[in-house]
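Each protein sequence line maps, in turn, to chains C and U. All residue numbers for the first sequence refer to this note's numbering, where the first residue is -17 and numbers rise by one. All residue numbers for the second sequence refer to this note's numbering, where the first residue is -17 and numbers rise by one.
Simulated from the structure, these hints should not be mistaken for laboratory data. There could be a bad hint or two in this list.
It does not matter which identical chain is meant; a pair holds if it fits inside one copy or across any two.
Listed next, the in silico DSS-like pairs over lysine-lysine satisfying Cα-Cα at most 27 Å (straight line) [stated by the list, open to error]:
no. : residue 1 : residue 2
1   : K440      : K389
2   : K440      : K380
3   : K315      : K180
4   : K154      : K437
5   : K339      : K389
2 protein chains.
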Amino acid sequence: MKRTRIKEIFSQKKEMEVYICCWIRTNRAQAQFGFLNVNDGSCLTNLQVVYDSKLSNFEEISKFRVGMALGISGKVVLTPTMKQPLELHATEVTLLGDCPEDYPIQPKRHTREYLRDVAHLRPRTNLFHAVFRIRSVAAMAIHSYFQKNGYVYVHTPLITCADCEGSDQMFKITTLNMENLPKTEEGKVDFSKDLFGKQAFITGSGQLHGETFAMAFSDIYTFGPTFRTENSNTQTHANEFWMIEPEMAFCDLEGLMDIEEEMLKYVIRYVCNECAEEIEFCDQFVEKGLKQKLLDLVNSSFVRISHHDVVDILLKSKQNFEFKPSYTDDIAKEHEKYITDYFNGPVFITNWPKDIKAYYMKLNPDGETVAAVDLVVPHAGELMGGSQREEKLDVLLKRMEECHISKEGMEWYLDTRRYGGCVHSGFGMGFERLIMYLTGIENIRDSIPFPRTPKNCKY
Amino acid sequence: MKRTRIKEIFSQKKEMEVYICCWIRTNRAQAQFGFLNVNDGSCLTNLQVVYDSKLSNFEEISKFRVGMALGISGKVVLTPTMKQPLELHATEVTLLGDCPEDYPIQPKRHTREYLRDVAHLRPRTNLFHAVFRIRSVAAMAIHSYFQKNGYVYVHTPLITCADCEGSDQMFKITTLNMENLPKTEEGKVDFSKDLFGKQAFITGSGQLHGETFAMAFSDIYTFGPTFRTENSNTQTHANEFWMIEPEMAFCDLEGLMDIEEEMLKYVIRYVCNECAEEIEFCDQFVEKGLKQKLLDLVNSSFVRISHHDVVDILLKSKQNFEFKPSYTDDIAKEHEKYITDYFNGPVFITNWPKDIKAYYMKLNPDGETVAAVDLVVPHAGELMGGSQREEKLDVLLKRMEECHISKEGMEWYLDTRRYGGCVHSGFGMGFERLIMYLTGIENIRDSIPFPRTPKNCKY
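Isolated chain C (complex conformation) (with noise of 0.2 Å):
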């Protein structure tokens, strides 16, 4: 017999035959008959199903164990006046996968901290089902988002020879034996004897190869894993993480806020539709209120203001902030909740001051502001960072000069804007801070199956 799905007897939810594949979660076993609670990883709820002493190996089944892999045979039975709608009467029960007693997922609370040593299993947790389910439909949410929209999917490389963010910030990656490196007669590593005949690096960003092909296409996205060697241990870095980086031409920084605005609302009410009941447990066991936190940002209208405007409000606040705020730096964590909460609700700040933004962005005609943007949301703060690009050439030149950049082996780049370059845009966001954003996880380790951060590369 085909084995069903145990999310499609919920859906269905009627009198049937049916035989699934699954794993205990609880067994309770009495005198005649006892109760099992068992996940196929279809769908979150577990299947109870009510097992009696007719069945030939009763005894057996009695002393099933959590986590063992089971084929039942049985008959759907509609319970109104339950707690849950249907349980399944099994007529046959067949062990189809061992577990011995010192299973390490015992169904009780177990710490975050604890599953996190046991990666490979937590997706068994409810809490992790949940998350990693939210994760792959909000990765569908987003590919949809773009494809329906007419943006051609590419897939930017990772390993690259370019140095231009700085190669301190990646990985370098070689194939020489690291323990007898070949030198040149000046001492130097050879890297001409390396694969690709010169020093590599795995990279942090696809953005300008992405705005080659927005300059055929039009509107692009990449949607890809990120390094970053960053030596620092906090709850929001990882060391590889999965971003999203959409470019488009001929959109300048008002078009390029509709997106970003459009987009996220999106996702969020695509994985609201398909994750009901993953984002139900959230609300209940991650984050309080996370659902009406949701419903707010889906029917809010985004705030638009310039980063002096609010430096302006900060000052006037008379806040007791740590940091203090400034027309010339950046805006801190406590400055982001600030502003989230006086205007209650997602806020795009615009028009940085161009020393602390990155040399691509398009300069304004004040010539000390350059066309960034960043999204800061309640309860979350920046949620994606985009800027309009500077398609001057003789200014994006003049910037890299400031900016200490090297010209060399960028040239393809160049090319943008030297043939047919055009006002464009685009912006980035950190897949792992959306999940967190929409399950209420506060340490990305939970929002990553097998988290990389600083000495830890288990798995």
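Add chain U to chain C, keeping to what the hints say.
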């Protein structure tokens, strides 16, 4: 006025006022009027724009060069008697981005070798517009298939310290100063000073991590970049490529083949529907008969035959093969071709000699073969490779020993067999191979935006 995409104009096919942003593909100026062929990346077909001497900047427009970015206001006029269904009568043409005469992409046929050398500009050609849009849509088709069927998309880590695949095939990554590596007392590189506290690699597969998630969600897939250090310059090898690796619990070899066949047909149908124009183009200019090839595959029923029986057929064939078919050896390209010709369609080759396959594949009762399966298709050879996995811990451990795979650092993987381990199967599909199959493109370098191959890491 809001920008209209050219794709929208062709699909609405009605008279209307529009404003478009685009790049010039050709400009044919005459005394009193002229024709621009323009493209905005939203679709393959260029839009014909008619401009005449009534425009105040007619002289200027007449001299506009290929590659320039323009903003054009005008009226869409249906032209049922002409080759193209409609054209745009310009009322205003504005230069948005200049382009000099030495623009590398001229309206003539460039060789693919030349275009590889300007990979940042080649998506502006018809060929690469077609290939990279098909790539984008095929990626969406894959996500769509798996998500529709309840699979969870898992972002398995790329950085790994597990040496399980043989570190020779993996890139080493480091944050250490390679010009001055710290050493231990024994004179070895002191990786305890590296970011993860030990030697790290970037991985060639997410399968093992995927298996742990399949033991929670039943059905999962990965889709991400993978890396090989292979120093080989062929048409089918790249050092960075994308791979899809689904893994299904409670699924045996037969079930696996059902899924592979269903998925491939779904993806091909999806791409043929969404990229009709691009497939048509590839059929005409890349691989004659492409459309029919794809149609044939969708309508075929895939043959399932054992490696043993394939060798029987090959031996009986009396063909003069370069490599002699053998019951204990791999199947060569020439054999694959003979077999797909023989059956005139796709063939699943199952139950391979264990000695030429990986340790984690399910040992068959004969003790000599494993439950592996390769899918070979006409014109392209192997498209997917998969297997039922060895779920018995003792057999797996024995196979690891035989294959000299260290257990060290692999306990987490072995846990999948300890705790509720069950029959499960998975496969891998190289995404570029699929793109080559879908487009007829023969060189992997033309299926990836910025290919990485030995001695080649430009951009």
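Tell me, in ascending order, the numbers of any earlier hints that this structure violates.
3
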